Amino acid sequence: MIRNKLFLRVILLGFILFPLVNCSKDTEILATFDGGTVTRREMNFVIEASKRGNTEPQPISPDIQAKILESIALEKILLKDAIAAKKVSEADVAKIEALVKDFLKLNVYMREYVKNGLKEKPLEFINLQLALVRGEDEAENLKKAQDLANRLNSMSDKEIAIEVSKVTDDISRKPIGGKLEPFCTNCAETPLEDILSEVRNAKQGKFIAYAKQGEGRIAYVVRSLGTEKVHPERLRKYFTSIFDSFKEEAIQYGKTHDDAETKTNISYFTEGESADKANQFASHTMKEYEQGLYQKELKKITEESGITVANLPRFTGPDDVDPRIFTPDFSLYSNKDGKSYTWKDLTAEFDAIPFQLKQEYKTEKAKTWDMLNLFQSTILQGKIAATSKRVQNIDGEIGYLMQLDKMKVSLALKSLQDEIKAIPVNVTEAQMQDAYEAGKLYAYSDQDPQNPQNRIPKPYSAVRERIKSEMEGSQRNSFIEQKVSGLKTTYNLVIANDRLKEVTL
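According to my numbering, the sequence shown is numbered sequentially starting from 1.
Since the hints were derived computationally from the structure, they do not count as laboratory data.
Misleading hints may appear alongside valid ones.
Said to hold, decoys possible - Across the chosen pairs, the derived CB separations fall in these ranges: (1) 200 - 58: 42 to 52 Å; (2) 421 - 297: 37 to 47 Å; (3) 283 - 200: 23 to 33 Å; (4) 446 - 345: 52 to 62 Å; (5) 304 - 155: 43 to 53 Å; (6) 212 - 304: 28 to 38 Å; (7) 192 - 259: 42 to 52 Å; (8) 236 - 348: 48 to 58 Å.
What the hints assert, rightly or not - Computed list of lysine-lysine pairs in DSS-like fashion (alpha-carbon distance at most 25 Å, straight line): (9) 299 - 101; (10) 115 - 299; (11) 440 - 468.
From a predicted model like this one, the values you see are computed outputs, not experimental measurements.
We treat Cβ as the ideally placed atom computed from N, Cα and C, and that holds for glycine.
The whole structure should be built from the sequences, with the hints applied where relevant.
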């Protein structure tokens with residue numbers, strides 16, 4: 001795999017970093033160093049990204065802000081220093097930018113699109129009432145379903161609820177007359193899409209019979225009770241009202257049905273607070289909604305690109321790969337003009353990846369596996385993104401710029417890792433034994449099962465390698481501290497502490 005998986009790990013930052021809304025002092029410079037600056041905009045972005053979806057405002061102290069500013073500045077300094085020391089070349093920086101820039105633009109665009117969609121677009125729901133007909137004879141199931149649909153269509157709503165409760169093979173829904181929780185129609189695609197399509201084509205309130213071809217052991221008798229648009233901020237309240245309604249219906253049903261199975265089914269709707277169920281359901285639905293926004297927009301961009309991807313062989317791992325399949329003219333995709341992107345093209349892009357981010361491959365299988373992963377996870381997405389004007393317009397967004405910087409810094413980080421590994425460390429047996437004696441009643445001991453107040457030291461032989469690793473790590477950490485201190489001094493890093501006040505973001 002690519003060395004330490006550093007390349008792909010840094011790329012994954014594109015999936016977790018969210019662009020930050022503009023602040024009034026975005027361009028204010030809060031840190032300076034020889035050859036560069038750090039702005040409030042950059043600091044705020046890092047803070048917002050670290051919240052990982054937690055939308056609750058959080059107080060950020062000046063001390064925390066100063067540490068964030070220093071961290072951002074040090075990454076920039078590290079890259080400048082690596083280039084100055086010729087550990088990283090400007091050419092390699094340009095190569096990494098060319099490889100990932102469009103991929104990163106797509107990531108940032110999609111996150112921004114989803115974020116705006118969650119604010120601006122309501123969720124759309126359809127309420128369904130459903131009875132199941134099960135059996136081994138598919139034709140007979142559908143006939144029974146059609147007969148039931150005709151019968152139900154001649155009844156009142158009250159009669160329908162009673163009849164569905166009697167005849168449906170979905171026993172869990174008997175207490176509420178076959179009703180389902182509201183189904184989100186503009187969330188992620190689900191296995192019910194075919195049924196929903198049939199229901200949409202029917203008149204609201206009219207039952208239809210439906211059996212999926214090849215899966216006729218279950219036939220559906222279903223109707224729409226209506227649709228509703230709900231903004232995200234109303235979602236919990238909306239579901240609470242639904243679960244309150246279900247609870248009341250189940251309670252009424254329980255007054256005339258008291259067998260053990262029915263009591264179990266009723267308890268699902270009557271036990272617990274409706275608000276608690278609503279919170280869980282709303283949270284799950286919002287994730288599906290977010291996923292749906294993402295999937296549909298990405299599908300649209302892909303279709304607009306005109307790129308047709310080849311059906312690649314499926315491999316479970318490097319040992320399963322057959323490199324002989326991928327001849328130089330093997331087509332990986334074709335664009336709308338019919339021009340193919342071949343294995344030869346992928347090889348050229350792969351070979352251009354800076355050496356710091358690759359390993360020496362022992363087998364052609366391992367290299368081919370890495371190439372396929374890079375193509376599917378990064379290069380293909382970038383090629384699609386390059387065709388979209390709205391994606392390309394994201395190149396001034398802070399999320400894109402900082403992620404691109406992260407990719408460039410990854411070259412310097414790898415150089416630093418190699419430097420740290422090369423540091424000669426020497427831990428003597430006497431030092432390890434001294435460390436053991438100092439910590440054998442604390443770090444190197446277990447709790448006495450007979451008396452929790454006592455500690456039982458582990459044998460020295462059992463913890464020797466751990467102590468050695470810890471002491472070697474301590475020596476390397478000391479080197480890192482010296483390195484950081486030296487960079488801060490050499491590049492005259494200054495944090496504008498007088499401009500930092502506690503803020504809430």
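Hints, verified against the model:
The hinted range of 42 to 52 Å is satisfied by residue 200 and residue 58, whose Cβ atoms lie roughly 43 Å apart. Judged by the Cβ atoms, the range 37 to 47 Å given for residue 421 and residue 297 holds: they are separated by roughly 43 Å. As the Cβ distance of residue 283 to residue 200 is approximately 27 Å, the hint placing it in 23 to 33 Å holds. Evaluation of the 52 to 62 Å hint for residue 446 and residue 345 yields a pass: the beta carbon distance comes to about 58 Å.
Range check, residue 304 to residue 155: Cβ separation about 48 Å, and the 43 to 53 Å hint holds. In this structure the hint that residue 212 and residue 304 lie 28 to 38 Å apart at CB holds, the actual value being about 31 Å. A beta carbon spacing of about 30 Å between residue 192 and residue 259 contradicts the range 42 to 52 Å that was offered as a hint. Separation of residue 236 from residue 348 is about 53 Å and conforms to the stated range, judged on CB atoms against 48 to 58 Å.
Between residue 299 and residue 101 the CA atoms are separated by roughly 20 Å; this keeps the pair inside 25 Å, and the hint holds. Using a Cα cut-off of 25 Å, the hinted pair residue 115 and residue 299 holds, with the two alpha carbons roughly 17 Å apart. Between residue 440 and residue 468 the CA atoms are separated by roughly 14 Å; this keeps the pair inside 25 Å, and the hint holds.
In summary, the structure is inconsistent with hint 7 from the numbered list given earlier, while agreeing with all the others.
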